[in-house]
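Number of protein chains: 2
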Amino acid sequence: MILSHLKRCGVLLLLLTAGIPASAQTNPYNRYVDPFIGSEGQGNVFVGPSRPYGMIKPGPDVNKASNSGYSPDLDIPLYGFSQTHVSGTGGGPKYGNILVMPFAGNFDRVKQESLRANEKAGVGYYSVQLKQYDINAEITSTNKVAFYRFGFKPGTRKAIKFDAGDFLGEKPVPDAREAQQFVGSEIEVVSGTEIRGYSRIRGGWNNGSAYTVYFYAITSKPFDSFSSYKADKLYPGVKLQADDGNKTGVLAYFDDTALQQVQVKIGISFISELKARQNIEEEAPHWSFEKVLADSRDSWEDLLKRVELDNSASAEQKTMFYTGLYHTMLMPVDRSGENPLWQSATPYYDDFYAIWDTFRSSNPLITLIDPAREAAIVNSLLNIYQHDGYMPDARSGNCNGRTQGGSNADVLIADAYVKKLKGINYSLGLEAMLKDATIPPGGNEEKEGRGGLTDYNSLGYVSNRFVRAGNRTVEYAYNDYCLAVVADGLNRKGEARRFFKQADNWKNLWRPVTDHGATGFIMPKDAAGHWIDSIICGESNGRITSIPYTPLAQDWPNCVCWWCGFFYEASSWEYSFYVPHNVAALIDACGGPDAFRQRLDTFFANGYYNVGNEPSFLSPNLYHWIGRPDLSSSRIKQIISVNYNSTRAGLPGNDDSGAMSSWLAFHMLGLYPNAGQSYYLINSPMVKQSVLHQTNGKDFKIIAKDLSDNNQFIQAAFLNGKPYSRSWIEHQDIAGGGELVLQMGPKQTGWGAAVTPPSMAGDH
Amino acid sequence: MILSHLKRCGVLLLLLTAGIPASAQTNPYNRYVDPFIGSEGQGNVFVGPSRPYGMIKPGPDVNKASNSGYSPDLDIPLYGFSQTHVSGTGGGPKYGNILVMPFAGNFDRVKQESLRANEKAGVGYYSVQLKQYDINAEITSTNKVAFYRFGFKPGTRKAIKFDAGDFLGEKPVPDAREAQQFVGSEIEVVSGTEIRGYSRIRGGWNNGSAYTVYFYAITSKPFDSFSSYKADKLYPGVKLQADDGNKTGVLAYFDDTALQQVQVKIGISFISELKARQNIEEEAPHWSFEKVLADSRDSWEDLLKRVELDNSASAEQKTMFYTGLYHTMLMPVDRSGENPLWQSATPYYDDFYAIWDTFRSSNPLITLIDPAREAAIVNSLLNIYQHDGYMPDARSGNCNGRTQGGSNADVLIADAYVKKLKGINYSLGLEAMLKDATIPPGGNEEKEGRGGLTDYNSLGYVSNRFVRAGNRTVEYAYNDYCLAVVADGLNRKGEARRFFKQADNWKNLWRPVTDHGATGFIMPKDAAGHWIDSIICGESNGRITSIPYTPLAQDWPNCVCWWCGFFYEASSWEYSFYVPHNVAALIDACGGPDAFRQRLDTFFANGYYNVGNEPSFLSPNLYHWIGRPDLSSSRIKQIISVNYNSTRAGLPGNDDSGAMSSWLAFHMLGLYPNAGQSYYLINSPMVKQSVLHQTNGKDFKIIAKDLSDNNQFIQAAFLNGKPYSRSWIEHQDIAGGGELVLQMGPKQTGWGAAVTPPSMAGDH
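So the protein sequences, as listed, match chains R and G. If you read the first sequence in the working numbering, its first letter stands for residue 1, the second for the next number, and so on. If you read the second sequence in the working numbering, its first letter stands for residue 1001, the second for the next number, and so on.
Simulated from the structure, these hints should not be mistaken for laboratory data. For every residue, glycine included, the Cβ atom is placed at its ideal position computed from N, Cα and C. Don't take each hint at face value.
[What the hints assert, rightly or not] Cβ-to-Cβ under 7 angstroms is the rule here; a few derived chain G residues that face chain R:
hint, residue
1, Gly1245
2, Ile1271
3, Ser1272
4, Leu1434
5, Gly1442
Can you make the complete structure from the sequences, with help from the hints?
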């Protein structure tokens, strides 16, 4: 099936991969990955090569204010390739450490930059033409080693800069929030082919403490001379620049004007320079760029091929889908063996950036494709809890922070538990969740745990004396439900009772106000229990300006800081739909099914729904709970058609470690998880057939029979041949293998109306 | 005066310094320092060489469970000299990193040890004979470089071990509390005379996160061969052992059997190995052991000579006094330029271990001798606040923690403020204090801030739902007073009012119970306001054992953990005297002056007073507030005569960074600070005359006229020639220079009765 499909799509494939070294015929899925999707607009994706969850992410740096280092604007010169990046993030940048830059011309200048041409990117590969120097740069990578191939035009001497001082997101303001800040760097020329050193940086989006990226670089040809530099001053022939708090680097010069190519391997480590060297020895002991690239492609292919789309899917659909899978598996990064903080046999992952973004669809997608990986990620979170005191909501640079709302690692524990992931100590998981739910992080609340917990646990909601009180309350309520589910399963009935009860806490901020025809919203309340009607928005000439607090009001970032509003990054219209554990009760609170449908319609029709952020990820599916999965499917199809495509601007918001991408991928299959719960909602698939080749050896096939532009509605469903009236499917039914056939037709016929998906499952 | 004195004491001096390289005649005070005082018994002092506040503290390691690494028990073999130690601490050990050990005999064994003989220690110097190998080892140091001189007997080949994996306080239990835990190490033979590497360790007493001690070692003679090792396996001739989570080291072999001496310089750094190398280049670029030793002695002499004791003081008195000054200036350590966490022009100090111990007398003593140093220390605390979020109560290994009671850095800010230390941003100081007082550290309360603050700020006391509720409440009340004083001074009247009021919070736990004739004690109370009469102390066969909670009850460590009692390391009898800002109100609460005197008498007579710990440091002085400074002086004289002397067991408890020592030194002068307040209590001095040579150029002389064994009572006082009836003296009166003459006589005559020292000074 795959081969015949490849034949059909041959023309397009050539377009996608033009100029990229040929992939083996054994890696057909690779060709549908286009790392540039999401590189324009708000996507902020990383475009360089990476292994799945790969520690090193070498790529082009064009804009220091860019989260990924990249800019699609070809009028902005590229100034080098750094070895560490994140993908899809917003806020202040992180990483961008250990910059390498081939150059020619002025050898005595530290600053080097060139306009680009002919950029190409594919799985495990990136290349670009540096017009200024007539140099072609190609990059591939192992897990911890970047492999560069610099192609030179003969005729001029060339050089390579190794910069241990550069990083993204620098600001001149000392200790500026979300800015990365320089701590130190060091560089040492070990031999004519070896340079080692490190970069030590703090801050960034998570305002983390200092992290150190060590490197060891080896060139395939000896350089003939060099200048080290410190604080932009050159020191010809000086091998060592010790760390005295200045930026350091080395310019390595090649005298042979006939030289056509120099390859460079850069191993990195968060442990030491020698460990970085050892990483090269273990992962790339040779000089074959092609072999590293082929291995990288194989490692991706092994994952991508686990979801096989029918050959009726268009090339664009496949490109969107497999790029979605690819984006989902860039982060968190596997840093096992690279934890500078403690020893453990447990895997170590970093760059949870952030779980608030990824718990909804990215982690569930990983669970489906690679359950052992998700178990390793969850175990890593528990290991962090054991050593740092709390699981992170976000973590980067070996440092927990920041927490945007709930303690959403709780959802990952529950999601793993209800989906029966093996190899996880769930008692320990419950302990970590109880820590979140009972021990306030106090002044550390930006870093981990639940801010405002003292209010929440005494008042039943977070009052307006804490920032982000609205989304904290609704997220804590769901986190409590997740905790209760695990406690219940572990026969900890007392805790289960308490937290199932607390899962209703969203009701404590539910105020019966009416806005645009909808009644009942999550609204701010003070600690004495009084509703807040207006919020202060400024002061001028002694007069206080306040704005009425309505369900559409947005106090941030104009009245108060970005993180200081009643809700984080969304309105009450959005967050008032966030009761993923008890949609039935939410529908009641909204006035019943008709009012709820009306409310959802208004939400989408009036543009209150924000496609580009995570709080409303589940919302298009809520029609399921009024027995109208067809309306969910229609919304989803509309959302995707308007907001997603296979162009570089094809993602509607920050990809957030693959959050946007995984949301898309799930919906293309016709499934969507309610993370923390054991089922997937069933929607109209966008492809006629998909097969999930599971790591337990069992295939699960989804067939959208007679799917066409005219046949977009599920008429009936059959699970393993038997009629299936539920509009959701349990994870175990997928894990057990089998076949879900959805008979598609031109109109909705009432399928999914008889029973609605679970609400407060597990609460007895 | 000094010279004539030296002549008189010549015999004893020779005894003290026998075998130690001769000190220049210009360093007469050096000779009164005996680093062995406090090395037996509970003192736990560090016996190796150190510069004042020196970062490197190389010394003998004999017992891995010892806080200082040292043991006086000569039957226990010495296993090496590590470069980092703390002095006087209790609980789980910290540091003991980068071990060096000269040896002979079995060259293929990593483990090397030898019995000791002929141990000597003086300012900047330590030496020992290693009997097993017939090697004499001598050590001196700069701030960041240890300088070793190993003397060999010709005849056998010798070797030196460099161990990057060793450390103190290791336990086989993973993640054991207060135990140091291995994270990683690395070693690299750079040349025949150079070895570099690091040791990365976490945990220890403060349960801190990982710290890394980098080193660079240079031998004065090339070694002829070497074996590196990893996890005790030898790798002959292998230069690199990268960090893969195992312990590493190098055995360097010297073939020349006629070799009589090898010197080794070991630079350390918390930044990098090259920085450690640079530290050697900057601080010890030569090979003169004598020069390093002489410089070290000069640096100490410059400090010691600032307090000049009269030549009538006995050699023992001088030894006790100057060793006291010496112990006070070992820690915190100056790590400016060695902070791996952030860049700052502000000095960086580490090993506040702990401020709970040192705020009472050590820091005030530093303020008197070296105000610029104390200002630097305070600025370092504020810098830590700015970057880590809170000032530490304790800090070690670049990590805040642990907090035993109050946020006592507040006292240091107030102490600096009222004593008008220059170069401190007191507005920033107030901000840091307000953080302590208003933002609960939540689950992080072991690390920093005020645990139980939610109770304290709502109930006015810490209830029994938090551990250490008793001492937390009384310490917070004093911290609040300190905050109020600074706020008041900075014209922040609102905050001043609030916190002067809160300074009364000790009264909220004051319960009118009677015990051994005294009425009124700090006692446990629950959050509903009910007194707690008994506490659970165990369960057996379903029966709960409880003990009545009395003022002498001690629930820790038998009923609950060491840190989990109502009071930390003391009884209610001790802590109920802790109202340093309002002794007048305390006297009222106790039933008036007579009852208070009776209570104090009972306290000392019945042995409820613990000389070996800090909570009661001020208590012997409390008679001042009932107009009987003579009784204070008598108590103090008695306490010292029984508990302090110049032997190795001459300190009554953990020296705690010089806490015990500075308490002694103050009392020998006849002064004692009430830290956080602007005055010193005046007591009978133990020496006839002392002169404080202040850094502002002004001398302050204290003369105890006619002091003798029979004349122990102050009859009258004269400040700068004028009669002085107060039993306390303001810091500014000392700082301004002058002379305090105390006329001594055989009986108390009522001096000090007319007015008592301040209570709630600053509260209007």
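Note to self: Run through the hints listed earlier and report the numbers of any the structure violates, in increasing order.
What the structure shows: Hint check: 4 fails alone, others pass.
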